Amino acid sequence: MKYHDSIQDAEKILAISVKQLRLWNLPISPFNYTISYEYARKKNAPLTKAIDQHIASGKALDNFIIEELYQQYILGQSSFRDELISDVEGVLSAVELNNSHSSQTLDNFVDTLDANIGNIQSADKKRSSTAILSLRKASKKLKQQQAILNKQLQASKTLTTQLKSELAETRKEIYLDPLTKFYNRKAMSKHLDTWLNDDPHKSVAAIVINIDHFSQFNQRFGPLISDVLLSKIANKVGSYVDDSGLSIRSGGDEFIILLPDLETTIANEIATKISQGVEKLRFVSSKSGIRLPKMTVTVGVGQFKVAEEANTIIKKARKLLNFSSTNPNQALAY
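Letter by letter, the sequence shown follows residues 1 to 334 in the numbering used here.
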């Protein structure tokens, strides 16, 4: 048990936690209760700050946000696993480099040895011939040993490739949303740091996308159908983003697309295509054959500096949704 509260304190916090869940309009489930209890204790400052910021943005807490908070602030896996992966990748890269250098060194040695055997001179032809023969035998033996070493290096390279593949899968667990395959907030922060290191003055165009009336759809048709629909909408949104852009699931029914060094006029064009593309989607239940309601999205476009934190950009980006409804041909710059 991770908590060390007294029975009386635990009972008080329990009552507060249940009341808090009702205020958040969330059912009492293990994840929800854990987050609520931790929030009520007021001893996990990063968690409390994250929840307060989310509520202040006007967005409701949902299952997606709760699970994200649980992974980041209760399990505490993100920073440790991220650092571990970076360390292991560094070691693997060093091993590969050393293997390459070792193999090249041996190649050079053998080539040099072969090239200089013919330069051996001696007044005694018999001794010279014997020396040359001895060197050739040594060269042949070294080549044989080199062939064995190369096989070992190749086997090591194969294992390294397999391990890197496993690390890539682990990285997906940390950085990708499993439902939409979009990046999560941690990945967003990571990319912002990378862009900041490359160019402190770099700016990014941001397209924020919110699925209209998704909570009502979820209540009407249930989470299973809602998840399928959400995944298909995300797939459509992602089809308009090339490799230079970053697609992020920033909320249960919200996405943010970051496009570095892109003019807002072009970002506006992409946002319009996304909106039109989603509106053209048609959904039919595979079980009942019932045609599901047509879905629409609200989009907003803004310009940001990469020096800003991910949560700050998300908070400001959400304001774009209201701004875009009254100013469809303009973009906000921060």
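Be aware that one or more of the hints could be misleading.
Claimed, not checked - Simulated DEER-style distance windows between Cβ atoms:
#1 Ile55 / Leu281: 19 to 25 Å
#2 Ser57 / Leu176: 21 to 27 Å
#3 Ala56 / Ser244: 51 to 57 Å
#4 Arg291 / Lys181: 24 to 30 Å
#5 Val228 / Asp199: 24 to 30 Å
#6 Gln154 / Thr48: 49 to 55 Å
#7 Lys181 / Pro30: 40 to 46 Å
As the list claims (entries may be wrong) - No farther apart than 20 Å at their CA atoms in a straight line, the calculated lysine to any residue pairs in the SDA-like style are these:
#8 Lys236 / Ser165
#9 Lys186 / Lys273
#10 Lys232 / Leu262
#11 Lys236 / Gln219
Just so you know, the hints here were simulated from the structure itself, not pulled from any lab data. If you're wondering where the values come from, they're calculated on a predicted model, not measured in any experiment. Idealized CB from N, CA, C, for every residue including glycine.
Satisfaction of the hinted span 21 to 27 Å by the C-beta atoms belonging to serine 57 and leucine 176: holds (23 Å)
20 Å limit on alpha-carbon distance, applied to hinted pair lysine 232 and leucine 262: violated (26 Å)
Serine 244 and alanine 56 - C-beta distance against the hinted 51 to 57 Å: violated (32 Å)
Outcome of range test on Cβ distance (isoleucine 55, leucine 281; 19 to 25 Å): For isoleucine 55 and leucine 281 the Cβ distance comes to about 31 Å; the hint is violated.
Cβ separation of lysine 181 and proline 30, checked against the hinted range 40 to 46 Å: violated (26 Å)
Assessment of proposed distance window 24 to 30 Å (beta carbons of arginine 291, lysine 181): holds (26 Å)
Restraint check for lysine 236 with serine 165, where alpha carbons must lie at most 20 Å apart: violated (27 Å)
Pair hint lysine 186 and lysine 273, alpha-carbon separation not exceeding 20 Å: violated (27 Å)
Pair hint outcome, lysine 236 versus glutamine 219 [Cα-Cα no greater than 20 Å]: Violated, at roughly 23 Å.
Whether the CB-CB distance between valine 228 and aspartate 199 falls inside 24 to 30 Å: violated (40 Å)
Glutamine 154 paired with threonine 48, Cβ distance criterion 49 to 55 Å: holds (53 Å)
Violated hints for the displayed structure, listed by number in ascending order: 1, 3, 5, 7, 8, 9, 10 and 11.
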